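S.K.: Listed in order, the protein sequences are those of chains G and E.
Using this note's numbering, read the first sequence as starting at 1 and increasing by one per residue.
Using this note's numbering, read the second sequence as starting at 1 and increasing by one per residue.
Since the hints were made in silico from the structure, they are not lab data.
You may find that some hints are simply not true.
What the hints assert, rightly or not - Quick look at which bits of chain G chain E covers, simulated, 3 or more residues with Cβ under 8 Å:
no. : segment
1   : 62-68
2   : 324-333
Unchecked claim - With a straight-line Cα cutoff of 25 Å, these simulated DMTMM-like cross-link-like pairs (lysine to aspartate or glutamate) come out:
no. : chain 1 : residue 1 : chain 2 : residue 2
3   : E       : K152      : G       : D89
4   : E       : K208      : E       : E100
5   : E       : K152      : G       : E381
Only a predicted model underlies this, so the values are computations on that prediction, with no experimental measurement involved.
Think of the CB as a built atom: it goes at the ideal place given N, C-alpha and C, for glycine as much as any other residue.
This is what each chain is made of:
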Amino acid sequence: MKQHLIIDNGAYSIKAGYSNRSAPLKVQNSITKTRDGLLHIGNSYLSHTNNYVGLIQKRPHDQGHLTSWETEKPVWDYTFDQLSQDEIDFSKTKLTLTESPFQLPQLSMNTDQIVFEEYGFDEYYRCIPASLVPWSLDMDKVNGDFTLVIDSGFSATWIVPVIYQSVYWQGVRKLPIGGKLLNGLLREIISFRHYDISDDPILVNTIKESTFFLATDFNQTLKNKQKYSCDFILPDFKTTTTGYMRTKEMTLPPDTQVLKLTDERFSIPESYFHPEIVFDNTPLVQSSPFKNITDLIVESIMACPEITRPLLSANIVLVGGSTNIPNFKTRLESELRRELFQDWQVRVSESDIPEEASWRGGVELAGEADVWKEIAVKKKEYFEHGANWCQKRFGFES
Amino acid sequence: MLVEEIPKSTNAHSSTIYFSSSINLTARSMNKSHVIADGGQQSGSSGTDKKGRAKVNYNVNQLMNAQIGDNRGSGTSSVGSGSGSGSGGPLKSVQQIQLERLVSKRIVELNQESSSSSKTFELPKNFTYNTIHSAGKKISQKSRLGNTPSTKRILAARRNLNSYFEEERNLISINTILQLNYQFVDFHDYENKPKSKKQKTHHIYRPKLRLCCICGSSSSYSRCSNCGLFYCSVKCNNLHQQSRCT
């Protein structure tokens, strides 16, 4: 019996696991250099050091493109070791792999070559993460034939219409705002207002994940910003190494360092709806209009065949790590309601664990043997036709 | 005479082609394929004029579309898009190029995870993960860094994204990929200025957020005249003048 491995190769974390598992293994897709000059692959720095200050992370992805295989290969090898006790026999393994949409074809072909020539997987299917999502949906709630997937990840936010399980490429839109960019903004603001934390990317990421939320009514929230303030306990490396958000009933030791956050909590994620927050206020940028996530979703829907448009608006799915920001779904739904036609249903649904949605879709797809037979490429076929042919099978249409 | 007017009614596209010229014929060779492709649709004689000189298509709209690689809606394949030299084709408006540059500069700046002094590090040569299963077997250094010539090349590449873009700049889809980052910037206003008030109302944009650069509250003042950042009160403005204003 051949095993089926599904790898959602995200820029922040790899979600990998066999199709018979209930949850994927999450490995940070990076190589970390600690202050003492040691290199740690994937998650291993978490167990080797508890001093996260001054960590430098090298990621194989650059602007969403998988560029650096010399970084990716060790992380993959590490992931495969974590996955199973025994050595994986790749020649008896099927692989479903994801990549970012519109990746440079040359880089995708590099991936194919590594998959077949370096690892020697037996069967292989490469696609974008959003195209796997419809497989995992609960058909009673969302129509899996007409789905608009909003994949907000670490490097960017993609809006991908998936019609009958295949991507409608003319409708794909990109908003270059993702978790990484929010980290950058947060770092800039905290470093200006409070402490210089520019050497502490892990702390910035923790603050983002624990305190951010999206305002239902931004202007109203901003007026009452004191009501939404919170205290973030900075790491003291005795009781906590990562820092955490203070809850009301918590009593603190007197010498705790506290970071008081008010409008940062909701102003920064507001970038999704007001991209002008991100950009410098030079006159040229000021005078040019930006499209926010809602505009791009409307544009994407309108680029699809007319008959599918109301169906897409009623079946919007949020996936990707950045959609974990509280209130994302409600806010997006109310903004879209204003933009789209009155008689269209607007329904946004989120998955329970948004960052795993694509992986779960991959698991479902692995169960469809007759579909898999159609889409997969076998090792034999690859060596017969070559990497160019592979790209033609899996690549985007422009 | 190098430039001459095309007599009216010589071809179907006469309303958009005004002059023909033999200047720059060789210099514009990159667009040639496009001209020829269009010439086929027009009358047979459009390739050369009466005196046997080749005509150059100065139809700006067609060239522009070919440059930008218009992939939306129409679905036409971009024939001449190979001539674009990366992010800015020569026919984009100056503002657009400038704006794209500002936008991408800012995005790159924010996407850096740590301060510029310690931005990245280089992996040591032959850096590999030592698998827990390799204890019994001995793997030679050679096979670790790639089993075949092509994977060896990939694993030793150490190239950045720009060098890949530079290499692939003749790819047909390259403009599609490069333009993705600017999909959210609306260039509409620069390309064709609205002619009448009626058209103007076509694009109504929500008011932009104006956030104080010091405290983050909403600002009802105009921008700082020096640097263009907003401030919300006299107090914040004073602080701004001392610290952030460049």
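S.K.: Taking the hints in turn, state whether each one holds.
M.R.: Hints versus structure:
1. 62-68: Answer holds; 5 residues pass the 8 Å Cβ test.
2. 324-333: Violated - the segment 324-333 of chain G has 0 residues with a Cβ nearer than 8 Å to chain E, which falls short of three.
3. E:K152 <-> G:D89: Distance of about 21 Å is within 25 Å: holds.
4. E:K208 <-> E:E100: Since the Cα atoms of K208 (chain E) and E100 (chain E) sit roughly 19 Å apart, the hinted pair holds (cutoff 25 Å).
5. E:K152 <-> G:E381: OK: K152 (chain E) and E381 (chain G) at ~21 Å, within 25 Å.
In terms of the numbered hints stated before, the structure departs from hint 2 and from no other.
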